[in-house]
Amino acid sequence: MTTVTMTVNGKTVSADVEDRTLLVQFLRDELQLTGTHIGCDTSQCGACVVHLDSRAVKSCTIFAAQADGAEVTTIEGLAPDGRLHPVQEAFREHHGLQCGFCTPGMIMTAVDMIRRKPKLDRQTIRAELEGNLCRCTGYQNIVDAIEAAAQQMAAIKSAGSVA
Amino acid sequence: MITYPFEYTRAQSLDEAVALAAAEPDAKILAGGQTLIPTMKQRLAAPPRLIDISRLSQLSFIRRDGDALVIGATTRHADVASSADVMEAIPALALLAGEIGDPAVRHLGTIGGSLANNDPAADYPAAALGLGATLTTNKRSLAADDFFTGMFSTALEEGEILTEISFPLAEKAGYCKFPNPASRYAMVGVFVAKTKVGARVAVTGAGSCVFRVPRMEAALNADFTSEAVAGISVPADDLNSDLHGSAEYRAHLVTVMAKRAVEAANRT
Chain A
5 MTTVTMTVNG KTVSADVEDR TLLVQFLRDE LQLTGTHIGC DTSQCGACVV HLDSRAVKSC
65 TIFAAQADGA EVTTIEGLAP DGRLHPVQEA FREHHGLQCG FCTPGMIMTA VDMIRRKPKL
125 DRQTIRAELE GNLCRCTGYQ NIVDAIEAAA QQMAAIKSAG SVA
Chain B
1160 MITYPFEYTR AQSLDEAVAL AAAEPDAKIL AGGQTLIPTM KQRLAAPPRL IDISRLSQLS
1220 FIRRDGDALV IGATTRHADV ASSADVMEAI PALALLAGEI GDPAVRHLGT IGGSLANNDP
1280 AADYPAAALG LGATLTTNKR SLAADDFFTG MFSTALEEGE ILTEISFPLA EKAGYCKFPN
1340 PASRYAMVGV FVAKTKVGAR VAVTGAGSCV FRVPRMEAAL NADFTSEAVA GISVPADDLN
1400 SDLHGSAEYR AHLVTVMAKR AVEAANRT
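So the protein lines, in turn, are chains A and B. In this note's numbering, each residue's number is its place in the first sequence (first place is 1) plus 4. In this note's numbering, each residue's number is its place in the second sequence (first place is 1) plus 1159.
So that you can see chain A by itself, here it is in the shape it has in the complex:
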């Protein structure tokens, strides 16, 4: 057993876990943050994507012990005051989901890609979604949503810098 302590969605959490506990199991089973999904469990589908120290990672492919001392953001942490994040809003507006299973990972990946590449074209969005699979094959609206969110976030940012 190992004691792991990390900041999850702004709150410090600590628990004794088996060394082999994956980060996704820690989030879902210890913290009851079940918004992070387990899809393929083989590092391919991206349903489990969370942010570790501000970078998108697959939480099924990292042990909780490795995240000791780190800051983790899950889908639950994107809307802390109940107001949807612009990317969540865009997924709703553009119907960027069908069954919804891949959506938390898609949104966490989208937030990460917009942070790294504020100016996104559709080809780049599709390339950046390499590690996220939608079994409904609903990519068209997912790309629409990410493109719209990137534009809106850029507009908010430039309005902010003017003001």
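Rather than coming from a laboratory, the hints here were simulated on the basis of the structure. All the given hints hold, so there is nothing to weed out.
Calculated lysine to any residue pairs in the SDA-like style (CA-CA distance at most 20 Å, straight line): (1) B:Lys1200 <-> A:Gly43; (2) A:Lys121 <-> A:Arg59; (3) B:Lys1200 <-> A:Thr46; (4) A:Lys123 <-> B:Gly1257; (5) B:Lys1298 <-> B:Asp1174; (6) A:Lys121 <-> B:Ala1240; (7) B:Lys1200 <-> A:Cys44; (8) A:Lys123 <-> B:Ser1242; (9) A:Lys121 <-> A:Ile160; (10) B:Lys1200 <-> A:Arg24; (11) B:Lys1187 <-> B:Thr1198; (12) B:Lys1187 <-> B:Arg1202; (13) B:Lys1353 <-> B:Thr1384; (14) B:Lys1200 <-> A:Asp45; (15) B:Lys1355 <-> B:Glu1247.
Estimated spans, in silico, between C-beta atoms of each pair: (16) A:Glu97 <-> B:Arg1222: 41 to 47 Å; (17) A:Gln36 <-> B:Pro1184: 38 to 44 Å; (18) B:Arg1299 <-> A:Lys161: 48 to 54 Å; (19) A:Thr128 <-> B:Arg1426: 17 to 23 Å; (20) A:Gln155 <-> B:Glu1330: 39 to 45 Å; (21) A:Ala131 <-> B:Lys1355: 32 to 38 Å; (22) B:Leu1402 <-> A:Ala131: 21 to 27 Å; (23) A:Lys123 <-> B:Asp1305: 40 to 46 Å; (24) A:Gln155 <-> B:Arg1426: 30 to 36 Å; (25) A:Thr46 <-> B:Ala1381: 43 to 49 Å; (26) B:Glu1330 <-> A:Gly73: 40 to 46 Å; (27) A:Gln36 <-> B:Arg1223: 44 to 50 Å; (28) A:Ala131 <-> B:Asp1185: 36 to 42 Å; (29) B:Asp1185 <-> A:Thr16: 34 to 40 Å.
Away from chain B, derived, C-beta distances all over 10 Å, residues of chain A: (30) Leu101; (31) Phe105; (32) Leu124; (33) Lys161.
Heads up, the beta-carbon is just placed ideally off N, CA and C, and yes, glycines get one too.
Take the given structure of chain A and dock chain B to it, following the hints.
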């Protein structure tokens, strides 16, 4: 899926990691874990201990050292891909790093982990062999030509830890791969370089281990153009054959990828 039980230790120094590895020969070094953890989850590996070196900041760096680019073993793929220093010194290396796996994998996976694992379809071994890199461990330095010894095997001894990789700057370099449509691993990837000591061509994905193609190198020494390698093919005899493609298909891809890699090198 869950792995077999093991003990996790986060090394506080390279010396501690080396001592732990020496004390427990079956222990595994954990860097990015993007290959090791999936392998453990499928229960294809069951190390009794993982020694995590990923937080050793002295192993994570990119620096220019005269005519070489030196990269620390725990440097993440994403950091190599987005490094202005790499882009300036060896753009083909930055582009190669940016095409490994997917963005989330690149945020954790490390150059040292990829090289030490020596997956037959990994990208970095092609760059190390293609550029004639020098790989340094806690004990010694090895030429890339002596480092990769076979499928998933290297010259690394038990308890020996890769610390940094030095890539000599090339006049030109290019990489082109044909990714497996599902896994994105290279079905075939070819790295070509026009180095100070002649042309080098390294092929990954096609065989059991990354290998050079001397006939293409000789042709490129005479004429560094895609036409020079267009008529040269490698024998299919020892190449991989699986449900994704036959050995003959991979042999064909080697020539096609080599041509494209030379074209990419000539564009930079």
